[in-house]
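Chains as they are written, first to last, in this note's numbering: chain V, 883 to 1015; chain R, 9 to 331; chain C, 26 to 511.
If a hint is listed, it holds; no wrong ones were tucked in.
Taking lysine-lysine and the BS3-like style, the derived pairs with C-alpha atoms no more than 27 angstroms apart in a straight line are:
hint : chain 1 : residue 1 : chain 2 : residue 2
1    : V       : 970       : R       : 217
2    : R       : 234       : C       : 203
3    : V       : 919       : R       : 275
4    : R       : 11        : C       : 160
5    : C       : 309       : R       : 125
6    : C       : 178       : R       : 259
7    : R       : 13        : C       : 160
8    : C       : 457       : R       : 143
9    : R       : 234       : C       : 114
10   : C       : 204       : R       : 234
11   : R       : 259       : C       : 171
12   : V       : 936       : R       : 275
13   : C       : 421       : V       : 970
14   : R       : 204       : R       : 259
15   : C       : 222       : C       : 349
16   : R       : 125       : C       : 308
17   : C       : 204       : R       : 235
18   : R       : 259       : C       : 114
19   : R       : 235       : C       : 203
20   : C       : 357       : C       : 454
21   : C       : 106       : C       : 282
Residues from chain R that keep clear of chain V, each with C-beta distances beyond 10 angstroms, as calculated:
hint : residue
22   : 33
23   : 94
24   : 146
25   : 198
By construction, these hints were calculated from the structure, which means they are not laboratory data. Cβ coordinates follow ideal geometry from the N, Cα and C atoms, glycine included.
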Amino acid sequence: MFEPKMICFYCKWCTYTGADLAGTSRMKYLPNGVVLKSMCSSRIDPQHILEAFKKGADGVLIGGCHYGDCHYVTGNQLTHNRVAMLQKILPDFGIDPHRLRIEWISAAEGAKLVKVINTFTEDLRAMGPRRSK
Amino acid sequence: MAKLKLGMYWAATCGGCDVSVLDTHERLLKIVEAADIYFWPIAMDFKYKDVEAMEDGFLDVCLFNGAIRNSENEHLAKLLRKKSKVMVAYGACAAFGGIPALANFTTREKILEKAYKTTVSTDNPQGVYPQPSTKMPEGEITIPEFYNHVYKLSDIVPVEYTIPGCPPPADLLMTAVEAIVTGKLPPAGSTIAGEKTLCDECPLEKSEKPVINDIKRPFQVIPDGKKCLLEQGLICMGPATRSGCGAACIKVNMPCRGCFGPAKDIKDQGAKMLSALASIVKFDDEQKADQIINSMVDATGTLYRFGGANAILSPRRTEGEKP
Amino acid sequence: MKRITIDPITRLEGHGKIDIFLDDQGNVENAYFQIPELRGFEQFCIGRPVEEMPRITTRLCGVCPGAHHMASAKAVDNVYKADPTPAAKKLRELFYNAHFVHSHIAHFYALGAPDFIVGPEADPAKRNILGVIEKVGLEAGTEVIKHRAYAQKIQEILGGKATHPVCALPGGMSKALKKEERDEMEKWIISTIEFAKFTLKAFEDIVLKNQEYVDLILSDVYKLKTYYIGMVDENNRPNFYHGQIRIVDPDGKEFAKFDQQDYLDHVREHVESWTYLKFPFLKKVGWKGLVDGKESGVVRAAPLARLNVSEGMATPLADAEYKKMFQTLGGKPVHHTLAMHWARIIELMYSAERQLELIRDPEITSPDIRTIPTETPSEGVGILEAPRGTLIHHYKTDSNGILTDVNLIVATVFNNAAMCLDIKSAAQKLIKDGHVTQGILNKVEMAFRAYDPCFACSTNTLPGEMPLIVKLHNADGSLANEWRRD
Ligand code: SF4
Ligand code: SF4
Ligand code: SF4
Ligand code: FES
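Turn these sequences into a full structure, and let the hints guide you.
The structure is reproduced here in structure tokens:
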């Protein structure tokens, strides 16, 4: 079976802590993601996301705090806008915009994180390998 | 001091970069005083064979304009690289692909089909396409074949300096010539233009935390002549674009399209602009934000108007996937 | 059969090529003028917002970006059905005539004049703009540079940049002309009229008073009987920006006159497999191959064509020159290709005079320069006269103004067939019994230089003259001889 590679950018305050929780709670989930921690989802420059795809990622996941909960108040809102715009241009670079996903996962939502990773991995498996690498 | 040996060449180009040399007007005579030109197809009679006959490194500087679109462009780029001590990517096409690199978002096949078959005035019932080789009654005649992709110069050969702009303004060319003549060139790898972003040299007023509630197209608004165009809802590439043009377009009330390429330390001009835009589109309401973003037309063609060969990702719809 | 390949390897490095085939006696059997490149604007513009076209299509050509900018502007006006305000139209025409001044000065002095002012047989190292300056004197050379600079500055003030202007939008212009700018421009324009007089005088002294040159212009080597196309005003006088398109037949009789949106009833393009450049022809006559005459749909554009389709010039000094030209060359239409150089500087005078009329128009500084489009965009054609001939932009969009189809017929393309014919004719008449000389090569070259061909526009090749290398091959393909026009 095709095993996709995912790059997962998590903000330190919510999603990363949520992933920690999933870990300490010994929840099992698919191992396809490589996690990178950043201070805030807004710290992730769109150039980083494009680089991830350039280096061959089959999918990129961005995890941040829920609206209203961002440690830096509006950081995740900017991230939302960036991702929405990136999704508009990705097809012109031969990339299905569904390969870029954004999810709000709080520090308490370990279970949600597990679900997101599992579904994203399944979706990417179904999409198959990227044709333009 | 010995006179400088200069070469200029055009690859896949519009000729505007060469015209920009003429646009130094009376200062052109200064250039001719400081430098002997050994190769300049638009104006002088030196030939390809003359270039081949040069010793390696014979030319002090080669100003190379135009993108790389076919094997011949590539061949000349390699040849001139060998013959030149310093290679300069002159103009947006050589530096980033320029307008011709918009072709990277379509395919060679589609281009041929449009040009020779489906354009409304074309009368081609037999479906004749230009061919690399055609047998005429008198014998075979040939024309070159193209690449499916447009490259910037540095994709093909190492480049020491970049002089951006479409075309580079005459003042910038004079600055570069001055630097070359006095030997005061910046470190290799530098871009000869401003260091900051265009916004930095733009005379329009900017506010602290601008927010826009809609994106407008240039024909829909009459800018007030005072406020930043981006804040008036017009997509202006200023925040991601290198300074050095003197805000030429903005001075006539038109938003920047980014012909100076990415500002210092920016790799992907389009991604950077996208970032800047994302931070001013009304963001406290997800739905409204999506609405504004979705109203933006031709995002890729706008963000990468001049950078189709300089993006982090290779813009190739051909091999790509559609959602 | 022997073959000569003229491969212009420097000033048009690989961008243009001529193959001449000789029969066993060494006489010319056929000649092919090939353009080896293509860029594909018609395809890669699809999907772009149509209002961006004036800023994108300028990059078809850095030598005549103003022509593409304005033709595109007219097309987008029509796509949005937005009529520019009177002041906007005047600013566009002012800009556009400045563009003509720049282009015609550049061609005449840098590209065309070396053959006449320095001489067709002169040392090629001197046969360039520097040689021209040497011959006419540095002072005159400075005047050339100065007046071209004025024209560029006028475009820059109105258009943002002289090369690749950005000022035209559907329904108008982006910036009004300030009073102080107007005053400055008026001085430049008055000076340009004097400069045009100087140029015409120089042409008269150096060319017309030299029987050898006059014979060259009138020789059969550079003569084609074709149809002519050009834009005219309501009195059938050339106007570069607005008007109707008029076509005259080889006898000078009106063949057609139509509005820009009807061009498809009159013009079609033919494709050959051996060149990337298409061949426009008159639909009602039909494509009969590469032949001239009334039965052939081959039509010529550019300065001489514009003068041939018209009945006088709209400004007094240019009109006087117009009459003189047709008197000297034996009436209308003039079929002698080299007369194009003369026609070009008559147009230079017209453009200078027309600029003066416009700059003195009180409305020119009006701030009322934009009509905001309100109609749903759909389809539009923009036609005008580029320095090198009739230029057509045709766009179709969806209801959001996003391009779905683009058609461009570029000025130089109109002369493609004629250039092929002129080259063949020159080759046939000059190359006899396999005998080729340097002078012959330059004279073949002069056949197409007169058109001021701008292949940057039409494909991706470039304007300028073509230094040549001619290789004469034996029938078995081995090299018999080689000439270089060094
Ligand atoms: S950079 Fe601009 S001016 Fe220079 S060749 Fe490219 S399109 Fe023309
Ligand atoms: S966004 Fe454009 S208009 Fe605004 S400050 Fe920057 S360059 Fe000027
Ligand atoms: S404003 Fe932008 S598009 Fe205009 S010249 Fe400057 S960098 Fe180029
Ligand atoms: S801190 Fe979590 S998204 Fe900003």
